[in-house]
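Asks: These protein sequence lines map, in sequence, to chains B and F. The C-terminal position of the first sequence is numbered 100 in the numbering used here, with every residue numbered one higher than the one before it. The C-terminal position of the second sequence is numbered 196 in the numbering used here, with every residue numbered one higher than the one before it.
No lab work stands behind these hints, which were simulated from the structure alone. Do not take every clue at face value.
Said to hold, decoys possible - Simulated DEER-style distance windows between Cβ atoms: (1) B:I(-16) / F:G182: 33 to 39 Å; (2) F:A112 / B:R72: 34 to 40 Å; (3) F:F195 / B:T13: 18 to 24 Å; (4) F:V133 / B:R72: 22 to 28 Å; (5) B:M41 / F:A106: 30 to 36 Å; (6) B:L43 / F:I194: 40 to 46 Å; (7) B:V48 / F:G135: 21 to 27 Å; (8) B:D82 / F:F195: 34 to 40 Å; (9) B:A89 / F:S163: 48 to 54 Å; (10) B:A89 / F:G116: 24 to 30 Å; (11) B:T13 / F:D105: 28 to 34 Å; (12) F:M104 / B:A84: 50 to 56 Å; (13) B:T13 / F:I184: 20 to 26 Å.
Note that the structure is predicted; figures quoted are calculated from it, not measured. Glycine is no exception: its CB is placed at the ideal position from the N, C-alpha and C atoms.
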Amino acid sequence: MIFVVAALLVLGAFMMFLTGLGIYRMPDVFTRMHAATKASSLGVALLLLAAILVFRDPMVLTKSLVTILFIFLTAPVAAHLLGRAAYARRTALWEHSVVDEARGKIATAEGETVGRAD
Amino acid sequence: MDAATILSAGAWGAGAILSAGMFFGFVRLVKGPTLADRVVAMDALATMAIGALVIVSVVSGQALLLDIALAMALVVFIGTIALAMTIEKGIFK
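Model the full structure from these sequences, guided by the hints.
Replies: Here's what the structure looks like:
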């Protein structure tokens, strides 16, 4: 059992490491967000699962599950708003991006739509 | 090997890996180039800090630290949304 806990701790921390590596290595804001949101949510979930297995307490179980649920709900929302804001401020996409589905669909604060000209 | 040794070894390894991840996050936070990059890095670093709190909680046996982790998740969400709104309105470049 304690091996499972140690493995969950290391695996969760490794997911966090992948988050850091992703936001360091990825080429533009939107791909960085992709690394930052998903891997860190899974990392926190694995670490909290380790906490649940160590403490074996109903209070800890409830609080950890609520934290996992909250992070899984809020991380995509925050990333969506941030990506939308960055796109509306005409943040450049990576030059090798092949698809830009938001083109012409997101308006700036001044009311004009944005997107690459091509 | 007894249980405490294994748990302590796992936590040391996890802390070391997490610190390496936080280092890369800080590099992105300093380098930028836009405000949105910094906000993404800050968000990821805060999530890593939550993870670090959970690791410390598991090692020290202090279940109260999980409350702080939950509170931090709430605050980070509000902060990221507020910064996203300032970026969209163009208040900061």
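Asks: The hint says 28 to 34 Å between T13 of chain B and D105 of chain F; measuring C-beta to C-beta, is that right?
Replies: 45 Å, violated
Asks: Within 34 to 40 Å or not, the Cβ separation of D82 of chain B and F195 of chain F?
Replies: 25 Å, violated
Asks: CB of F195 of chain F to CB of T13 of chain B, is that within 18 to 24 Å?
Replies: With a Cβ separation near 22 Å, F195 of chain F and T13 of chain B satisfy 18 to 24 Å, so the hint holds.
Asks: Given a hint of 34 to 40 Å, does the C-beta separation of A112 of chain F and R72 of chain B actually sit inside it?
Replies: Check failed, 49 Å falls outside 34 to 40 Å.
Asks: Does the hinted range 30 to 36 Å hold for M41 of chain B and A106 of chain F at CB?
Replies: 22 Å, violated
Asks: Within 50 to 56 Å: is that where the Cβ-Cβ distance between M104 of chain F and A84 of chain B falls?
Replies: 53 Å, holds
Asks: Cβ-Cβ distance between T13 of chain B and I184 of chain F: within 20 to 26 Å?
Replies: For I184 of chain F against T13 of chain B, whose Cβ atoms are near 21 Å apart, the range 20 to 26 Å holds.
Asks: Could you say whether the range 21 to 27 Å given as a hint is met by the Cβ separation of V48 of chain B and G135 of chain F?
Replies: Since V48 of chain B and G135 of chain F have Cβ atoms about 35 Å apart, the given range 21 to 27 Å is violated.
Asks: Note whether the CB distance of I(-16) of chain B and G182 of chain F lies within 33 to 39 Å or breaks it.
Replies: Holds: the Cβ-Cβ distance is about 36 Å, inside 33 to 39 Å.
Asks: Just tell me: holds or violated, for the beta carbon distance of V133 of chain F and R72 of chain B against 22 to 28 Å?
Replies: 23 Å, holds
Asks: I want to verify a distance hint. Is the separation of the beta carbons of A89 of chain B and G116 of chain F within 24 to 30 Å?
Replies: Given a distance of about 48 Å, which is not inside 24 to 30 Å, the answer is violated.
Asks: Should the hint that L43 of chain B and I194 of chain F are 40 to 46 Å apart at their CB atoms be regarded as holding?
Replies: 42 Å, holds
Hint compliance for this structure: hints 2, 5, 7, 8, 10, 11 are broken, all remaining hints hold.
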